[in-house]
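Numbering (my numbering), first residue to last: 2 to 141.
These aren't lab readings, by the way, just hints derived from the structure by calculation.
No more than 20 Å apart at the CA atoms, straight line, and that leaves these computed lysine to any residue pairs for SDA-like: (1) 124 with 14; (2) 98 with 34; (3) 102 with 72; (4) 116 with 21; (5) 125 with 15; (6) 125 with 14; (7) 98 with 31; (8) 20 with 37; (9) 20 with 69; (10) 102 with 30; (11) 20 with 76; (12) 98 with 7; (13) 125 with 135; (14) 98 with 4; (15) 20 with 39; (16) 98 with 6; (17) 46 with 58; (18) 98 with 8; (19) 71 with 34; (20) 122 with 132; (21) 113 with 124; (22) 98 with 76; (23) 122 with 110; (24) 124 with 112; (25) 122 with 15; (26) 116 with 16; (27) 46 with 80; (28) 20 with 85; (29) 116 with 14; (30) 124 with 114; (31) 113 with 123; (32) 20 with 80; (33) 124 with 134; (34) 71 with 24; (35) 71 with 35; (36) 125 with 13; (37) 113 with 25; (38) 20 with 103; (39) 20 with 38.
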Amino acid sequence: MNRRRRTEILIQGRSELAKELAETIMLQYPYREVISPRYGLTMIKMRETAKSSLFYLGEVVITEAKVDIKGHIGIGIVTGMKDELAKHLAIIDAAYKANLKETIEWEEPLLKEEKALLESKIKKQTELLATKVHFDTMQV
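Could you build the full structure based on these sequences and the hints that come with them?
Rendered as structure tokens:
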């Protein structure tokens, strides 16, 4: 599983999953906080569809953390003020970069969480479509 997909699952899914995975590493390996969770601002880049040009929509608050495990730096960046989640993401990222044996066991829970996220999105989309107005059947 690639880094982007894994991070999206951890951010959008249950925060307990990221905590559980990070704690398995924190209990077994020494880690060092290179940058403890801190807040910052970043610009949100959007693509205008008609001309396909990029523009900046505005700024958003982020929380960033960096952790070192066995000489491998992991980064955790998340929107909002979420210190714990940023730190857990950094630990998980460092664990994958260090090729720790625990990361092999994480594939199944991550895929399970991805499936739950997909089912939740489908359910919400179904509920939304139930309220859709059909203009072609409306009469004047």
